[in-house]
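**Q** One letter stands for each residue in the lines below.
There are 2 protein chains.
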Amino acid sequence: MSQGTLLYAQSGGVTAVINATASAVIGEARARRVRVLAARNGILGALREELIDTSKEPLAAIRALAHTPGGAFGSCRYKLGSLDADRAKYERLLEVLAAHDVRWFLYNGGNDSADTANKVSRLAAEFDYPLTCIGVPKTVDNDLVVTDCCPGFGSAAKYTAVSVREAALDVAAMADTSTKVFVYEAMGRHAGWLAAAAGLAGEGPDDAPHLILFPERAYDEADFLARVRKVVDRVGYCVVVASEGIRTADGTFVADAGGGRDSFGHTQLGGVASYLAGRVQERLGLKVHWTMPDYLQRSARHIASKTDLDHAMAVGRAAVRYALEGRNATMPAIVRTSDAPYRWKIEPAPLHRIANREKTMPRAFIRRDGYGIPAAARAYLTPLIRGEAYPPYGRDGLPRYVALRNTPVARKLPAWKV
Amino acid sequence: MSQGTLLYAQSGGVTAVINATASAVIGEARARRVRVLAARNGILGALREELIDTSKEPLAAIRALAHTPGGAFGSCRYKLGSLDADRAKYERLLEVLAAHDVRWFLYNGGNDSADTANKVSRLAAEFDYPLTCIGVPKTVDNDLVVTDCCPGFGSAAKYTAVSVREAALDVAAMADTSTKVFVYEAMGRHAGWLAAAAGLAGEGPDDAPHLILFPERAYDEADFLARVRKVVDRVGYCVVVASEGIRTADGTFVADAGGGRDSFGHTQLGGVASYLAGRVQERLGLKVHWTMPDYLQRSARHIASKTDLDHAMAVGRAAVRYALEGRNATMPAIVRTSDAPYRWKIEPAPLHRIANREKTMPRAFIRRDGYGIPAAARAYLTPLIRGEAYPPYGRDGLPRYVALRNTPVARKLPAWKV
Numbered sequence: 043m044s045q046g047t048l049l050y051a052q053s054g055g056v057t058a059v060i061n062a063t064a065s066a067v068i069g070e071a072r073a074r075r076v077r078v079l080a081a082r083n084g085i086l087g088a089l090r091e092e093l094i095d096t097s098k099e100p101l102a103a104i105r106a107l108a109h110t111p112g113g114a115f116g117s118c119r120y121k122l123g124s125l126d127a128d129r130a131k132y133e134r135l136l137e138v139l140a141a142h143d144v145r146w147f148l149y150n151g152g153n154d155s156a157d158t159a160n161k162v163s164r165l166a167a168e169f170d171y172p173l174t175c176i177g178v179p180k181t182v183d184n185d186l187v188v189t190d191c192c193p194g195f196g197s198a199a200k201y202t203a204v205s206v207r208e209a210a211l212d213v214a215a216m217a218d219t220s221t222k223v224f225v226y227e228a229m230g231r232h233a234g235w236l237a238a239a240a241g242l243a244g245e246g247p248d249d250a251p252h253l254i255l256f257p258e259r260a261y262d263e264a265d266f267l268a269r270v271r272k273v274v275d276r277v278g279y280c281v282v283v284a285s286e287g288i289r290t291a292d293g294t295f296v297a298d299a300g301g302g303r304d305s306f307g308h309t310q311l312g313g314v315a316s317y318l319a320g321r322v323q324e325r326l327g328l329k330v331h332w333t334m335p336d337y338l339q340r341s342a343r344h345i346a347s348k349t350d351l352d353h354a355m356a357v358g359r360a361a362v363r364y365a366l367e368g369r370n371a372t373m374p375a376i377v378r379t380s381d382a383p384y385r386w387k388i389e390p391a392p393l394h395r396i397a398n399r400e401k402t403m404p405r406a407f408i409r410r411d412g413y414g415i416p417a418a419a420r421a422y423l424t425p426l427i428r429g430e431a432y433p434p435y436g437r438d439g440l441p442r443y444v445a446l447r448n449t450p451v452a453r454k455l456p457a458w459k460v
Numbered sequence: 043m044s045q046g047t048l049l050y051a052q053s054g055g056v057t058a059v060i061n062a063t064a065s066a067v068i069g070e071a072r073a074r075r076v077r078v079l080a081a082r083n084g085i086l087g088a089l090r091e092e093l094i095d096t097s098k099e100p101l102a103a104i105r106a107l108a109h110t111p112g113g114a115f116g117s118c119r120y121k122l123g124s125l126d127a128d129r130a131k132y133e134r135l136l137e138v139l140a141a142h143d144v145r146w147f148l149y150n151g152g153n154d155s156a157d158t159a160n161k162v163s164r165l166a167a168e169f170d171y172p173l174t175c176i177g178v179p180k181t182v183d184n185d186l187v188v189t190d191c192c193p194g195f196g197s198a199a200k201y202t203a204v205s206v207r208e209a210a211l212d213v214a215a216m217a218d219t220s221t222k223v224f225v226y227e228a229m230g231r232h233a234g235w236l237a238a239a240a241g242l243a244g245e246g247p248d249d250a251p252h253l254i255l256f257p258e259r260a261y262d263e264a265d266f267l268a269r270v271r272k273v274v275d276r277v278g279y280c281v282v283v284a285s286e287g288i289r290t291a292d293g294t295f296v297a298d299a300g301g302g303r304d305s306f307g308h309t310q311l312g313g314v315a316s317y318l319a320g321r322v323q324e325r326l327g328l329k330v331h332w333t334m335p336d337y338l339q340r341s342a343r344h345i346a347s348k349t350d351l352d353h354a355m356a357v358g359r360a361a362v363r364y365a366l367e368g369r370n371a372t373m374p375a376i377v378r379t380s381d382a383p384y385r386w387k388i389e390p391a392p393l394h395r396i397a398n399r400e401k402t403m404p405r406a407f408i409r410r411d412g413y414g415i416p417a418a419a420r421a422y423l424t425p426l427i428r429g430e431a432y433p434p435y436g437r438d439g440l441p442r443y444v445a446l447r448n449t450p451v452a453r454k455l456p457a458w459k460v
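Chains A and B supply the protein sequences, listed in that same order. Using this note's numbering, read the first sequence as starting at 43 and increasing by one per residue. Using this note's numbering, read the second sequence as starting at 43 and increasing by one per residue.
Heads up, a few of these hints could be off.
One copy or two, either will do: identical chains are not told apart, so a pair holds if it fits within one copy or between any two.
Within a straight-line C-alpha distance of at most 30 Å, the following computed BS3-like cross-link-like pairs (lysine-lysine) qualify [as the list claims (entries may be wrong)]: (1) Lys131 x Lys329; (2) Lys329 x Lys272; (3) Lys401 x Lys454; (4) Lys329 x Lys348; (5) Lys348 x Lys454; (6) Lys401 x Lys131.
Because the hints were derived from the structure by calculation, they are not lab data. Please read these numbers as outputs of a predicted model, since none were measured by experiment.
The shape of chain A in the complex, shown without the other chains (with noise of 0.2 Å):
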């Protein structure tokens, strides 16, 4: 057994692989001979000393991770400001660490967790305190800056455009009689790669989805409800994809525009695309259907991409070899080497030019028109997506996804309310 204990948390909205990256992590870890915590419910559970003894799990469960969506340990959103502002967090975080030896400290999530995890070994540094921090990245939003990819978003970019190409089917069958125009609503706040991905779904100019709404584009109603009407005249009906994120060319983001009050004057929740649906029913008068598959999108495991799958559990074991080859405050970034074929290894990104950047698509990724990917993108995007890796299902048809004992470590501190 190697001294001391590595500690791993994740951080954040989960994704279909994230526990994939946990299963590589622990099997890395114990191979290697490391004892491994794991932190419920991410950053709060090391503040609150609510710590699991992974070595409690058997192996085969820990097998299992890698076919199991969702978080297995919790994460949560949280963050944690500046050294200054939160000295006392981070104060209690080397706190706890310390009480629990762990000298490895993995971060598994997006920019704010690798701000995070860099200001922890700055911190570490200042108290003499002996730890390395590994960023592990995540998110299914691809919005990560130096890493060509982030895990999570090649299965959620599967899920997206396999879900269009399915439901475009549907409504080509129906278009004559019933919904014309089809409106699916894509994650992605600040950029639009999910959307993107959608873009996957066609091949020829006039395979759906017809037209894509990005964050990176500023939403002109007129233009966009022009163009709806000239597809449904040209293919009969026209199938769109928007990202959550869209904004109008004021700043106005237009899932905002759509919340209100209902006729009894309760809550209305809003969205992008019921706002645009409602748009298109309204001055198109065209019988329109939609679509907002919300968190189905990030925890659809059982259409996980191969190749999402592979950067997962890649990132998982070297975040484990640069942890203990003592490389701090980096992260494991994917770096692609060939897009046809597609190559790609591991090398380690410093985190602080990680930390609190966002990577919003270029300009290149976006047709000229704005609604649609050019060769470009489809040339990023495609691997992402290759590969089809099935958990297995029981006689009950249901994948048989593992739940962990989740065993609490004893508590060594006093309590610590956060």
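Following the hints, complete the assembly by docking chain B onto the known chain A.
**A** Below, chain B alone, put in the same frame as chain A:
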């Protein structure tokens, strides 16, 4: 080559496996050297004399139909009225059938279609036109009587159960700091079969879905909200599955209550999930997310049930046999002979027994408290979602769904506007 032609038409909302039925119909007919025409856009194509020559499709394309969702020849929402009211249309239909030497008419749809096929057969008898009419069952709503279940339902049910299980893992992981209540909207305007299928996602009493709202039970807001609160207090989060067709005790559709005007005075499209989510947020002050899968649930061939696919193919083959045997005005019905092991067979049922009737969830399939499914419903539902039947995927990571040539047959009659 047998004398005469078989006409196949799809009707109403399409499913993940209606094309599998088409594949079986055409395959069986080809094996028996019977010519198959298909009506473009269902009965409308028959009325308009827009017919498709399926002999122009290569065998590989017909086989690929078995894994392609949507409706390969187009479907429609178009109900013929009584023989008296719509006599001209029925006569036109017979005229088109006669012009193309159609001796067997297979109508693939729900209870409306069973009614239409039945009426066509009566009119043909009246005119001494030798025609055998067969209804072929299809509907994700699972609301046909006589048949134990309906092709299309099992796959939508599997999609529902898998999606709810996956999304629940997501919600569970984040509930500490994020979403506490998640609402999933299932199709089913009058019958709660798909919502019931979501119940398969959970096994123990605290597993999601925690509350299912059936159209067969009056929606009582106070009772519902109190239960949501109790589940959140006990489990930490609450997953709700609601049928789109739930109604309050006075018969008002909850989905209609949800519609209204947004803050700009625009039409607000409602939906049960968004409405319930709004009530939970407003009345309980809990963070809520919701999803409306809409067409995704009925077109998700990527997660089709093997049992459902087997049913869809079997009714297609049986329909051709019944047609050629002259079993007029019948439908191949699925007869269950055993739950465990699951055993079934196909038997002919008279169309008049199926036409225009609707099978809602029996009392024994709804838990006594009205918010879940008991063992009897599980025993019925489980075999229907059992088995995976994945479509083939291309190197682009997407299912290889087939697009037919749909070669039109030359018209023989004057145009007829409908």
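**Q** Run every hint past the structure and note whether it holds.
**A** A quick look at each hint next to the structure:
For the identical chains of this complex, Lys131 and Lys329 are inter-copy neighbours only, at 25 Å across copies versus 54 Å inside a copy, given an alpha-carbon limit of 30 Å. Taking CA atoms no more than 30 Å apart as the test, Lys329 paired with Lys272 passes inside one copy only; the shortest distance there is 15 Å, against 40 Å between copies. For a Cα distance limit of 30 Å, the shortest separation of Lys401 from Lys454 qualifies neither inside one copy, at 41 Å, nor across copies, at 60 Å. In this assembly of identical chains, the alpha carbons of Lys329 and Lys348 never lie at most 30 Å apart, being 37 Å within a copy and 33 Å across copies at closest.
Taking the closest pair of Cα atoms, Lys348 and Lys454 never come within 30 Å of each other, the shortest separation being 41 Å inside a single copy and 52 Å across copies. For a Cα distance limit of 30 Å, the shortest separation of Lys401 from Lys131 inside one copy, 29 Å, qualifies, whereas the shortest one across copies, 59 Å, does not.
The structure is inconsistent with the numbered hints 3, 4, 5, although it conforms to all the rest.
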